[in-house]
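K.L.:
Two chains, two frames, some hints: make the complex.
For the record, the sequence lines run as chains S and U.
Oh and the first sequence: position 248 is 248 in the numbering used here, straight run, nothing missing.
Oh and the second sequence: position 38 is 38 in the numbering used here, straight run, nothing missing.
Because the hints were derived from the structure by calculation, they are not lab data.
A quick note: this is a predicted structure, and the numbers were derived from the prediction, not measured.
You may find that some hints are simply not true.
Below 25 Å or equal to it, Euclidean Cα-Cα: the simulated DMTMM-like pairs (lysine to aspartate or glutamate) are [what the hints assert, rightly or not]:
#1 U:K122 - U:D210
#2 U:K326 - U:D207
#3 S:K265 - S:D4
#4 S:K93 - U:E209
#5 S:K37 - U:D210
#6 S:K37 - U:D207
#7 S:K93 - U:D207
#8 S:K93 - S:D282
#9 S:K37 - U:E209
#10 U:K122 - S:D282
#11 S:K93 - U:D210
#12 S:K93 - S:D177
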Amino acid sequence: MGYDLFYIIEVLLNGLLAGGTYALIAVSMTVVFGVLKLMNFGHGALVTIGFYSAVVAVSWGIDPYLAIVPAAVLMAIVALLAYYALIDTVISKPALTQVVFTLGLGIVIEAAIEIIWTANPRVAPSALSGVLFMGDVMVSRPRIIGFVASILLAVGFWALLRWTWWGMAIRAVAQHDAAARLIGIPRTKTLAIAFALSAVAAVVAGLLIAPSMTISPYAGHVFLGIAFGAVVIGTKGNVMGAFVGGMIVGLFEAAAIAFIGDDFKEAAIFGLILVFLLVRPDGLFGKRANV
Amino acid sequence: MSELTATAGRQAVRPAAGTTGLVLAALLLVLAILFPMFVSRYWLALGITVLFWTSFSGSWNIIGGYAGQFSLGHAAFFAIGAYSSAWLYSVFGFPTLVGMIVGSAVAALMALCIGWIIFRYKLHGTYFAIGTLAMSEVLRVLAGALPWFGGNGGIPIPLAQERNWLLMQFQPMAFYYMFLAATVVIIALSAWIARNRFGYQLAAIRDSEDVAESIGISPTRLKLAAYVISAALAAPIGTLYSQYLMFVDPPTFFGLLVAIQVVLPAVIGGLGTAFGPLLGAIVLTFAIELSDRVALRPGASLLAYGAMLMVFSVLLPRGLWPLLSKMLPGATR
Chain S
1 MGYDLFYIIE VLLNGLLAGG TYALIAVSMT VVFGVLKLMN FGHGALVTIG
51 FYSAVVAVSW GIDPYLAIVP AAVLMAIVAL LAYYALIDTV ISKPALTQVV
101 FTLGLGIVIE AAIEIIWTAN PRVAPSALSG VLFMGDVMVS RPRIIGFVAS
151 ILLAVGFWAL LRWTWWGMAI RAVAQHDAAA RLIGIPRTKT LAIAFALSAV
201 AAVVAGLLIA PSMTISPYAG HVFLGIAFGA VVIGTKGNVM GAFVGGMIVG
251 LFEAAAIAFI GDDFKEAAIF GLILVFLLVR PDGLFGKRAN V
Chain U
1 MSELTATAGR QAVRPAAGTT GLVLAALLLV LAILFPMFVS RYWLALGITV
51 LFWTSFSGSW NIIGGYAGQF SLGHAAFFAI GAYSSAWLYS VFGFPTLVGM
101 IVGSAVAALM ALCIGWIIFR YKLHGTYFAI GTLAMSEVLR VLAGALPWFG
151 GNGGIPIPLA QERNWLLMQF QPMAFYYMFL AATVVIIALS AWIARNRFGY
201 QLAAIRDSED VAESIGISPT RLKLAAYVIS AALAAPIGTL YSQYLMFVDP
251 PTFFGLLVAI QVVLPAVIGG LGTAFGPLLG AIVLTFAIEL SDRVALRPGA
301 SLLAYGAMLM VFSVLLPRGL WPLLSKMLPG ATR
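This is chain U alone, in the form it adopts within the complex (with noise of 0.2 Å):
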């Protein structure tokens, strides 16, 4: 049983994409990959952002919504996946491309093992909570402590000499473009998820894990799968937001605020929705950046962040998707 997300997600459990849903579907994807071609930097900052945003908070996305298991450790993995990558290259020169794929195995073993022991224990609802938030800060710490991964001043991203893809240091459209592609990876993933039968058991478990331990379904093992994808999925946007940003530090990766930031696109969009984070994605970042123009005073945007939350908790507890849906003809349930 999962007490956090128990009444929050089962909108999502029989989403029968309909060709109309499937047409939007395309239309959204052509509407975002012409996009860049139109607009100013700045506009193209904020696709980023929204991108990056979107695919994170989709990989949380399986384990906190389709799975119900609210994870406040996400960070850990989105840090191992840009701390693999860096520090792989800064220091071996191993090709970021590598770091990326190392990064992704180890912060999947990483989830295994730190899941097997979570959720044998039976950890659910607050408790997995603050236990994932437990993992994620001893990492932080040990990352900031250990001067072999650079300690609290984090690793500077060397600049390549020449412009090599398997670097993957690009220009900003190109990175549009790549976290473009996770964020479809991650959605088309997660459709795919709500209408199989790994979504299916996810859900049962997600409503009442002993009822869905009655029919048959193995709780610790599903939650495991669907943890280890999360995990895996995370890094490779860890390795590709520190190629962006050009440096990995514990604070930006590892932080608590990042934690909390992971699990709000798809708390505001729908939880255990495909296409909620994306929402939820749009949303918060032109909640912010209007809030940062408006006030242009440290702490607005985050006053502006806070205010969201509060707000979107009590009026819109299932998020926006399910409203938004309904308003598209065919396109859900």
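Same shape as in the complex, but just chain S (with noise of 0.2 Å):
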């Protein structure tokens, strides 16, 4: 195939798309990391939850973008509860405990996940689904308001980390734990809002991918590799950086499905996630490993 300016500007155009999706999981995660310390490995399992969400959704008859006010409202009470129940008792342990831990968490949720709706792939297919004829280039609709939402979401969470109470404690907790409760800032609480933000965004940014891809309990993995090389690009426990190395894993694997072809799209990312722990280890944002 010849590589003719619409072309290329599609394939771009796609990969920022998908990029505003990685950002908002890759600020979710991130927020987890900078704050809690924690490697969640069992972040893609959140965003098969909002897979699943949709697909309750539209079984019922309802839209998946009207699902994500009562899902992020549903899924805020039970991160609540899953943090003092479960999260809490391993936040001090020693990181391989953690990694074990949250592997084990994210394998039980898909497990579950299975045992209720099989492994038999769905979709959820919106009102909005369909494609959009800008000129000559063709981009999917889903797409266009994943993008939109994903970026106004970032952004409020940026926002809600700069500007609010609860935000500023989050980021002195993370800044330095034990002056943040010299301060009186309540510890626990703080994180278990922290987990309880991050949960969110990772359901929702699942909701919002949902009309576009096809669902299968385990299709977060995919998500998980992506968040975590966003993150690492990004600079860990850096929001900011998290969005912009979600921008970046979007256009990339753009740019690879054009160049390479759609097989080798992951080893493409993985390639630049390799490249980039081994050159610029911090990300791009960093100077050394500290939050």
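P.N.:
Structure below.
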């Protein structure tokens, strides 16, 4: 195929659109890392919960996009409970324990989903599904919606961290745990809220992606890898960095699809992660691995 | 400094295996040798599963447990072994045994190159885990995308016309003994490493890389050595497993699940201990088998698996072995 201009524009546009959702997932992951000092290997499963929220919504005749608010509220409650019941028990444990624990939690969530909905692939189309033509350039409409919503949410997330009391508390704990406690910030509650925010963002990201993909219980794995990549590229714990990292991964993936082929896109992403780990292990915005 | 394993495996620093320990180990070996002669095919298959995971996880344990570098890319070396022998046999007709040796060499070389880069750039902790995972995923995608290596469908291993030990197509009973041999080699090697200079140096690195360096140990070289040994051991197990299944494909040999599963017997049994992977493999295999029989729904065994990980990581972060070794009279310190 010849690489004409329209084709390249289309590819880059699609990459940018995908990058928006990746950015949202990466932002949600990096907050957990920065504040809870927890590399959440179960984060992909949270995105999968979003996928199946969309599946449930569609089976009830509700548009996936309309399910975002109720799913977010529900998830916030569940995540707060999960924090106190589960995550809090490993928060001061060695990193190995946390890795194994969060892996286990992710597997439990995915297995439970498989038990309830079976492993059969599913779709969750929205009434707004379809493609849009901008001149000769074709883009899928759910992707545009996902992009816009993700950008708004990621910016909102950032604003929340920046200007609200709890956001400041979260950043204070991330910056200096002991000092934060000295000035009277309730540590456990802050961590719980940070975790809940992260979980909600991941679930909403899942709901936003759901209409443009085929859903299965283990579909979240891909996003775990992508989010890791974006988080590493953007410096672990750095919210803006994760955002930029997500965009970079999206564009890079699209370029790989266009110029090497669809089969190789994951190899390209993981290759990019590897190169970044070696050349700039602290990401674009960091000096040393410190949050 | 390995943030991931710093506190996990200190138990294993000096397991002065006394006579009692050796006698117990010998007794266990005799039992393992006699086991297939008295059991049904079902139990034999379970035995093979246990020994397979023991040897595979034991090979990971050298880099992950003894050296304290939490690799999430070990499946790559396992798959290299499986693909080397299957590919060389099905395309060129090379005997499997030759393919197995080639696979081990390729895996060792791969570990040498990757490890040299990774350790030189001082990736450790979660960075090392993600870096090795990325490496393995790149290889998985390449194996699935290149038609030369069978693509996503993998390579079926052609059935040999006549049984020939060079081709390594055996009855289940023989596979049991092959995996048992691999297990014995790896456990013996692990026990040897733990009681030797090499093992002490690895333990020093695991506890604090900076301190180790200050007393004249070269972390890069030693970690590289452990990584190469780990990889060279994983590849033949991949060959054996592919012969047992009679096919290779990317998800079975390269998948993320395999990369995680290989870590677990060692973690649950006891990181950086010779018998940890065996203990962990026994517990995991039976837990999964049991949950499969009780629940009879796809996903149930995975659920039990995940739940076990959560429970073990919190309640027994050092694994079962330290607990058990206290009960064995004089078996370890």
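K.L.:
Checked against the structure, which of the hints given earlier come out wrong?
P.N.:
As far as the earlier hints go, not one is violated by this structure.
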